[in-house]
Amino acid sequence: MSYVFGVMIAASFLYALIDGSLAALSEGMLNASGEAIELLLSISGMLIMWSGFMRIAKDCGLIEKLSRLFAPILRRLYPDVAPDSEAFRYISMNISANLLGLGNAATPLGIRAMRELKRRSPGDTATDSMVTFVLMNTASIQLIPTTVAALRKSYGSQQPFDILLCVWITSVAALAAGLLSSGIIRRVKHGSRHPGAGHRAVRIRNLQGRQSV
Amino acid sequence: MLVTALCVYGICRGVNLFDSFVEGAKEGIETLKFIAPTMIALLVAVGTLRASGVLDRLAELIRPFAEAIGFPAELVPMGLLRPVSGSGATALMTNLFEQNGADSFVGRCASVVAGSTETTFYAVSMYYGAAGIKKIRHTLFSALLADFTAIVISVVTVGLLMS
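Protein sequence lines, in the order shown, are assigned to chains A and B.
So the first sequence is numbered by our numbering: it starts at -1 and just counts up by one.
So the second sequence is numbered by our numbering: it starts at 432 and just counts up by one.
Among these hints, one or two may not hold up.
Stated by the list, open to error - Mimicking DSS-like on lysine-lysine, the simulated pairs with C-alpha atoms at most 27 Å apart in a straight line are: (1) B:K565 / A:K187; (2) B:K566 / A:K151; (3) B:K566 / A:K187; (4) A:K187 / A:K116; (5) B:K464 / A:K151; (6) A:K63 / B:K457; (7) B:K565 / A:K116; (8) A:K116 / B:K457.
I should point out that these hints are in silico values taken from the structure, not numbers from a laboratory.
As the structure is a prediction and not an experimental result, all values here were calculated from the model.
Generate the whole structure from the sequences, applying the supplied hints.
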């Protein structure tokens, strides 16, 4: 982050120096700080309001419901995570919270999910499930992009939510590209047709153990 | 409408609507407090970058390539910044809103990009950091490929569905 910040400032300064537009540069800098505060104030109302309503959704148990709804899909994406494990519950709760746009709720759930996954396979190398999980968190899978809509509204959009369908299609396409490329690389690099085969064996053993009980 | 349905459902489930809302609003303020300093820092950096004219020059350099394949050149800077800095990309998006309007083609594309991507580097470092993973294999490649796909598809969907 500090690298990005430094490069941006340094690049502008150097360019302005060469271009002879230093006066415009300092004026732009001063204006930007004022604009930043105005912008924050203009989005804060909508942001806080939606956080409030999404919290109601969470307290209603809607997130738990969504988790159950997505279990069949998630089972396919995480073949080496048992559906009744803690890791699986945290994964689905994280995904559901992301869908509802509850970034604050999603982050701690996601961190717990990663720790659970790590507990199952110690070492400092990411497992297939970890890669899949991080990819699902780097692609935004939000049902209602509230922050963007708030910004659109404050910049005079007639219908801030009219981009919804495009956002959904684009999100799905981006996530699919990420997951597909991950699957292909996995197969090419490791020559394994069954990623997580080792884990699956463990799971089968667990199931057999349960049956005998 | 969504909000009304939510409130009715909440009442049926016996949730204290007001308390829940206030709790959530507190979280919202926390989020705001969390993003405000970075936002101001990056908005200043973006403002400086814009005032210096270096961005325009860079976009000019890429423009012929972008136009050759029918891609709106105004989106290039935002696409470059999106995986690295969420607030920086947001600042660029609001610039596009100011210059072209929020309901313009470019404004809509930028909105779709912002709504369908995350700050990749931030999420990768946070989640792997939490689990103590050092070898992240192909995660970053796939994540950046997803970001690139999002930018391309945003132009395609907005072009097909909203013009």
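Hint check results:
no. : hint            : in the structure
1   : B:K565 / A:K187 : holds, 19 Å
2   : B:K566 / A:K151 : violated, 42 Å
3   : B:K566 / A:K187 : holds, 15 Å
4   : A:K187 / A:K116 : holds, 22 Å
5   : B:K464 / A:K151 : holds, 21 Å
6   : A:K63 / B:K457  : holds, 24 Å
7   : B:K565 / A:K116 : holds, 12 Å
8   : A:K116 / B:K457 : violated, 32 Å
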